[in-house]
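Colleague: So you can see what is in the structure, the chains are spelled out below.
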Amino acid sequence: MKRIVALLLAVCCLFALCACGEAEKPEKSKDLDLQALSQKMQEKLGVTIPELNQNMALNMYGLTTEDCAEMLVYSDYDATKCNEIWLIKAADEAALEQVKTLAQSRVDSLLNQSRNYNADVFAASESARIETRGLYLLLVVTTAGEADDIADLFLNA
Amino acid sequence: MKKLLSLLLALCLCFGLLAACGEVTDIDDIDREQEETGEAGETTETTVPATFELDTTELTLNSLGETAVIYSGEIPAGDIMWYSDDSSVAGVDAGVVTALGSGSTRIHGLYGEQRLMCNVKCNVTAGSERTPIMAAPTIETVDASFFDDAVFVGDSISLKLSYDTTGRLGNAQFLVQGSYGVGNAIHDVLPTSYRGQTYENLEDAIAATGAKKLFIMMGMNDIGLYGIDGTIENWVTLLDLIRDACPDIQIYIQSMTPVWTGGEVGGLTNPNVNAYNVKLRAFAQQNGCGFIDIAPYMRDETGGLATEYCSDNYVHVTEAGVDVWIKVLKAYAGY
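Protein sequences appear in the order of chains H and A.
Using this note's numbering, the first residue of the first sequence is number 1, and each one after it goes up by one.
Using this note's numbering, the first residue of the second sequence is number 1, and each one after it goes up by one.
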């Protein structure tokens, strides 16, 4: 009887170990539909953010078409709010690093200009998220919701 | 005997502590009570000395922009801190109340620890919204491509302009950031970001853009801090710095847009904005700069920023405000 019980316990342990297996992770190299993703993000935040054209993205942030194979940049930054989303597919690894540097520079700039001026924008800039996934990059700064929620949409897409 | 003494001592201590816990009534408590009971006008008389009294504690105004003096006491009105609970209904400056919208509010005057209040009711009729007094210009002296080699410099007012996605300013570049000002620029307080690069000096950032035309609007973060003359003096320094770094650049100075009436803070008032713009125009003309007067197109009948152009009951502009701004730029940049 004891042996049977021991055997059953051992089987149970095996099943329990199965549960420790890795959860399904989003595919890193998966192609993302940036347009659809950006819509989801704006819906999550409950705002419609104007899209900047390539010239504006270049002049304001230094984002070039050489570095960005795909680029969607949205911002409604003014004195009362700041909702900014960058969804970018970099041309290659080196370009991704460059875009990442520009994203950090943008966050630093927002921190500088809002520090003694706009507490909401400063708090949003402090909570900004810069995430990469394969060759994709997300930058989100938002006063309308949680940057973490938007980052989750990107990481789990 | 010892027990009796101990008991007495304990009793004394307890009574002493309880007495110290008694409520201290201060002005804030009175104010809170007033808010709870709604008896704002009645209790003020008990909290202030005779030399600090309002002429009235109840006021009714019946038209937009109507004013009434509520204080004429010995203490100079300018030494008293005045504010309105709801500046969309009524504003106050040096004891003069102005009707700004329909509804009721309370006007407060603070002098040291003393506080006075006046209940104000504004019966502003429908249809008297604070609309612009000048229509936007309809002529264009330049087209969008005129701005292809231009850079705009400014503070949070210009931020909204920088995010205009209509393409009506061509491929203009922008070096704008919240809290920017002439003083900030000459003292290198705020670094300027351009294409991801950070420049300690504004003039270096302007040079980096390669622009041939500079449109600049600043003063909102200056006139309260440096005064009007101090700000103009700072302009002299800034202009020298810019011309040293960019000798051939054509400079257009834009007038400072008004403050929403009721949103004035400290020295940031419309009379000061107007006085500053007069001196700024003279400065621009004396120094070979263009001057584009945006302000008149943004004003309402009270002299403040028109409601439809104001995003925050303060100084910042809406998309409709940006629309007028661009029309003014395109109407006058070619002269």
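Heads up, some of the hints might be wrong.
[As the list claims (entries may be wrong)] The calculated DSBU-like cross-link candidates involving lysine-lysine, where the alpha carbons are at most 30 Å apart (straight line), are:
(1) H:K30 <-> H:K81
(2) A:K330 <-> H:K40
(3) A:K330 <-> H:K81
(4) A:K279 <-> A:K327
[What the hints assert, rightly or not] Which chain A residues face chain H? A few, computed with CB under 10 Å, are given here:
(5) S162
(6) H187
(7) P191
(8) P271
(9) A275
It is worth saying that the hints were derived from the structure and are not from the lab.
All values reported here derive from a predicted model rather than from experimental measurement.
C-beta atoms are modelled at their ideal positions from N, C-alpha and C, and glycine is treated no differently.
Colleague: Each hint: holds or not?
Modeller: The hints, checked one at a time:
A hinted pair counts as satisfied when its Cα atoms are at most 30 Å apart, and K30 of chain H with K81 of chain H does not qualify at roughly 33 Å. For the suggested pair K330 of chain A and K40 of chain H, the alpha carbons sit about 38 Å apart, so the restraint of at most 30 Å is broken. Straight-line distance between C-alpha atoms of K330 of chain A and K81 of chain H comes to about 28 Å, which keeps the hinted pair within the 30 Å bound. Pair hint K279 of chain A plus K327 of chain A holds up; C-alpha atoms about 24 Å apart against a cutoff of 30 Å.
Because the closest C-beta pair between S162 of chain A and chain H is about 7 Å apart, less than 10 Å, the hint holds. The criterion of a C-beta within 10 Å of any C-beta in chain H is not met by H187 of chain A, whose closest approach is roughly 14 Å, and the hint is violated. Interface hint status for P191 of chain A: upheld, as the beta-carbon distance to the closest one in chain H is roughly 6 Å, under 10 Å. Taking 10 Å as the C-beta cut-off, the interface hint given for P271 of chain A is violated, the closest approach to chain H being about 23 Å.
A cut of 10 Å between beta carbons decides the hint on A275 of chain A: the least distance to chain H is about 24 Å, and the hint is violated.
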